[in-house]
Amino acid sequence: LRAVLSGRIGFDRSLNLRGRAIVSAERVAAAVGSVHELARLRKASGEVVVPLTITGSLDAPKFDIDVGSVIREGVVDELRRRMRRLIK
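What the sequence shown shows, in my numbering, is residues 169 to 256, in sequence order.
Because the hints were derived from the structure by calculation, they are not lab data. A portion of the hints provided could be inaccurate.
[Stated by the list, open to error] Think about it this way: if two alpha-carbon atoms lie no more than 16 Å apart in a straight line, the pair counts; the simulated EDC-like pairs of lysine to aspartate or glutamate are:
1. Lys211 x Glu246
2. Lys211 x Glu241
3. Lys211 x Asp245
4. Lys211 x Glu194
[Claimed, not checked] The calculated label-pair distances, taken between Cβ atoms and stated as ranges, are:
5. Phe179 x Leu254: 54 to 60 Å
6. Arg186 x Lys256: 37 to 43 Å
7. Glu194 x Arg252: 22 to 28 Å
Glycine is no exception: its CB is placed at the ideal position from the N, C-alpha and C atoms.
All chains, please: the whole structure from these sequences, using the hints.
Listed below in structure tokens is the structure:
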């Protein structure tokens, strides 16, 4: 897992970061064995990209994952793949 974030870490130890967490293709492939639906969320690279917001403080961070966005994007990608197969 890697994260790409931008935002602010305040001198008061407050956090206001937005970005994305990227789950590696290897981890996704291993997880698909247990949760088959993850296969539909993969990018062409095999990774799953999750929008992420971190707020709160360094002592008590709060993580928010936009799961709805991930699902919508995964469904759209899956529909594109299926449409390409039909058009061929």
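Status of the hints after comparison with the structure:
Distance restraint check for Lys211 and Glu246: the Cα-Cα separation of roughly 10 Å lies within the 16 Å cut-off, and the hinted pair is therefore satisfied. Proposed proximity of Lys211 and Glu241 is supported: the alpha carbons are some 9 Å apart, at most 16 Å. Simply put, Lys211 and Asp245 have alpha-carbon atoms about 8 Å apart, close enough for the 16 Å limit, and the pair holds. A threshold of 16 Å between alpha carbons decides the hint, and for Lys211 with Glu194 the separation of about 13 Å falls inside it, so the pair holds.
At roughly 56 Å, the beta-carbon separation of Phe179 and Leu254 lies within the given 54 to 60 Å, and the hint holds. A hinted range of 37 to 43 Å for the beta carbons of Arg186 and Lys256 is consistent with their spacing of about 39 Å. Look at Glu194 against Arg252: about 26 Å separates their beta carbons, and that is inside 22 to 28 Å.
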